[in-house]
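Chemist: Chains as they are written, first to last, in our numbering: chain A, 25 to 212; chain B, 1378 to 1802.
Bear in mind the hints are in silico, worked out from the structure with no lab data behind them.
Mixed in with the good hints, there may be bad ones.
[Said to hold, decoys possible] Here are the computed lysine-lysine pairs in the DSS-like style, where the Cα-Cα straight-line distance is at most 27 Å: (1) A:K48 x A:K31; (2) A:K48 x A:K34; (3) B:K1439 x A:K34; (4) B:K1535 x B:K1389; (5) A:K31 x B:K1791; (6) A:K34 x B:K1436; (7) A:K86 x A:K196; (8) B:K1435 x A:K86; (9) A:K124 x A:K196; (10) A:K144 x A:K196; (11) B:K1439 x B:K1456; (12) B:K1740 x A:K48; (13) B:K1439 x B:K1452; (14) B:K1439 x A:K64; (15) B:K1439 x A:K86; (16) A:K34 x A:K124; (17) A:K144 x A:K124; (18) B:K1701 x B:K1740; (19) B:K1568 x B:K1701; (20) B:K1456 x B:K1535; (21) B:K1389 x B:K1740; (22) B:K1456 x B:K1435; (23) B:K1740 x A:K31; (24) B:K1436 x B:K1452; (25) A:K48 x A:K64; (26) A:K86 x B:K1436.
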Amino acid sequence: MAIVKVKRPKLSWHEHLYLPAILKGLGITLKHAIAALRGKAPGAEELASSGLGVTMQYPEQKWDARLPEYYRGVPALVTDEQGRERCVSCQLCEFICPPKAITILPGELQSDNPWSKVEKAPREFEINMIRCIYCGMCEEVCPEQAIFLRQDYAMTGGTRDEMVNTKGRLYKIGGMREGLVNKWNKLK
Amino acid sequence: MDAVFIIVSALKVFGFTFLVILPLVAYSTYAERRVCAIIQDRVGPNRVGLPATLLGFKKDLKFFGLVQPLADGLKGLFKEDLTPAHVRKAFYWMAPAFTAAPAFITLCVIPFGSAVTLFGHEIQMVIADIGVGPLFIFAIASLSVYGITLAGWASNSKYPFLGGVRSCAQMISYEISLGLSLIPILLFFGKLNLTDIVTHQATNGWLLLPLWNENGTVIHEGYWQSSGYQWLLLLPMGISFFVFTTSIFAETNRMPFDLPECETELVGGYHTEYSSMKFALFFMGEYAAMIVGSALIVTIFFGGWSLGFGLDTALLQTGDGDWKWYAGFIHLGAFLGKTIAFILFFIWVRWTVPRFRYDQLMKLGWVVFFELALFNIFLAALIIAAPHIGILNTLLFGFPSLTIIAALMFFITKANEEKRRIKIT
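For reference, chain A alone in the conformation it holds in the complex (with noise of 0.2 Å):
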């Protein structure tokens, strides 16, 4: 590497006495504070924060409205249009699922069920949260588009068995998902 010579830059006599730049200094940091009590902190309207700073003051607001389309947050499952579940417990997302979140008990339909010639359910379809770590490959491996991870991000629990979403909660979490399945889909 080429010595680089760096020359000792020459200070005027204001520089050497050093109190204008604190005085500016000074001027710097109250600009900063009346803005911030002012509540016009910069960043402030991009972040939509409380204006004290471009802090969050997260319970009380919060940043749902602006989460991205791609958001990764809870996983769920989905139901289609005719309200039936999509998944056909295939046990793919509980294959590929790196922390080993998902636990599923494959189950048949109900004989009633006039689909139960064709297609599968799982009788138990349960989420470990604790474990989950939000990498949405299960949503990736689902070949019915039946697990999404949704944006709600807030699981909170006060025991470990709280924490794990079993069939019926992960369904009301999903709600219904218009819109073909890819695998039968010719865009795919």
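Since the structure of chain A is provided, determine the placement of chain B on it from the hints.
Modeler: Leaving out everything else, chain B in the frame of chain A:
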């Protein structure tokens, strides 16, 4: 020594320490965090409040996080008090107390207010009304260096030791300019009793703001009344104020000069090995020293407890020049207001100015401030003496000798500077 005096003194000690200064210490830590957050475009601690939901209420009371210091104190008390195996136990235990105690002792000479009359007794709002106020403060405040040095030494580990040594050298260096910068002020007043100094400023105008006074200056002699020369006095007083304030910053280990606890170089400085309440005591001592420092600046340069602008005589005095019975409380409020303003200034400076390098700090103390304060004494003496010795003598002898002194100082400053000739080959 009657019983009333003893009881009143005990009450004053209790009241000023536990009801005025300790809450002020607690809330200056809170203010430090909030103000620095606001300066840095953050929010700061605004959550800790009273947990009213535990008592069945709908919402917790937040009070802008004002209960934070209480939570911090509780945390300090309940954390594990860890004493490392390699420390020197006796000194390790004594050091936090040695840091915190002097700061609180110095409070006793600071006048918090004029006087209140309760039950027929006139009570001075100062714990000990002694005639050597500033000297007492310097004597006791310089003891706090023992705490830090002992902490560094007793910790028996490298970085605390370096921090302790640094603090020792720094405090000794700045004590000199601190003392010297005050001499011009004592020349003006001619007395050392802080209560007298403040009373004088209450009637004759603050030292740095003698605006509303008919004489235009705190010194009232015939010469100063007639001409505009009284504004000359502001020059040495301004220099004194600048040197004194900066030295207080160095003395209390505040930010531009907080090298004893420089994180980047010394891990945590002298309190690296301390935990829980012992660490909190160091913290308290530092903030109490800051409060005493700002109280001292206010007392000497900004009229202490006086309201200023002639309001003292107009509002709070009876016809014959005595204070009304409640005057002391109002003065206490004024004093605390000014002190808090100065504490905020301390915090503001802390979050603005970056830390000095150690050699810069020493150079500033010994080469700049020491000479400046010394020169300032002669300058102040000449300005004060001018009306007595006459204009002719002042011009003939005063100014030449002042110039010679200034040149001497400048020469010493320059001679100290080693010639920097770095040759890069």
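Chemist: It remains to establish, for every hint, whether it holds in the given structure.
Modeler: Evaluation of the provided hints:
1. A:K48 x A:K31: Given that 27 Å is the threshold and the Cα spacing comes to 25 Å, the pair holds.
2. A:K48 x A:K34: holds (20 Å)
3. B:K1439 x A:K34: Violated. K1439 of chain B to K34 of chain A sits at ~53 Å, over the 27 Å cutoff.
4. B:K1535 x B:K1389: violated (43 Å)
5. A:K31 x B:K1791: holds (23 Å)
6. A:K34 x B:K1436: violated (61 Å)
7. A:K86 x A:K196: holds (22 Å)
8. B:K1435 x A:K86: holds (22 Å)
9. A:K124 x A:K196: holds (22 Å)
10. A:K144 x A:K196: Distance of about 20 Å is within 27 Å: holds.
11. B:K1439 x B:K1456: holds (24 Å)
12. B:K1740 x A:K48: This hinted pair holds, its Cα atoms lying about 23 Å apart.
13. B:K1439 x B:K1452: holds (19 Å)
14. B:K1439 x A:K64: Holds - the C-alpha atoms of K64 of chain A and K1439 of chain B are around 23 Å apart, at most 27 Å.
15. B:K1439 x A:K86: holds (19 Å)
16. A:K34 x A:K124: With Cα atoms ~64 Å apart, K34 of chain A and K124 of chain A exceed 27 Å; violated.
17. A:K144 x A:K124: Distance ~22 Å between K144 of chain A and K124 of chain A Cα, so the pair holds.
18. B:K1701 x B:K1740: The hint is violated at about 50 Å.
19. B:K1568 x B:K1701: holds (26 Å)
20. B:K1456 x B:K1535: holds (25 Å)
21. B:K1389 x B:K1740: Not OK: K1389 of chain B and K1740 of chain B at ~42 Å, beyond 27 Å, violated.
22. B:K1456 x B:K1435: Roughly 31 Å between the alpha carbons, so the hint for K1456 of chain B and K1435 of chain B is violated.
23. B:K1740 x A:K31: Distance of about 23 Å is within 27 Å: holds.
24. B:K1436 x B:K1452: holds (24 Å)
25. A:K48 x A:K64: holds (21 Å)
26. A:K86 x B:K1436: holds (19 Å)
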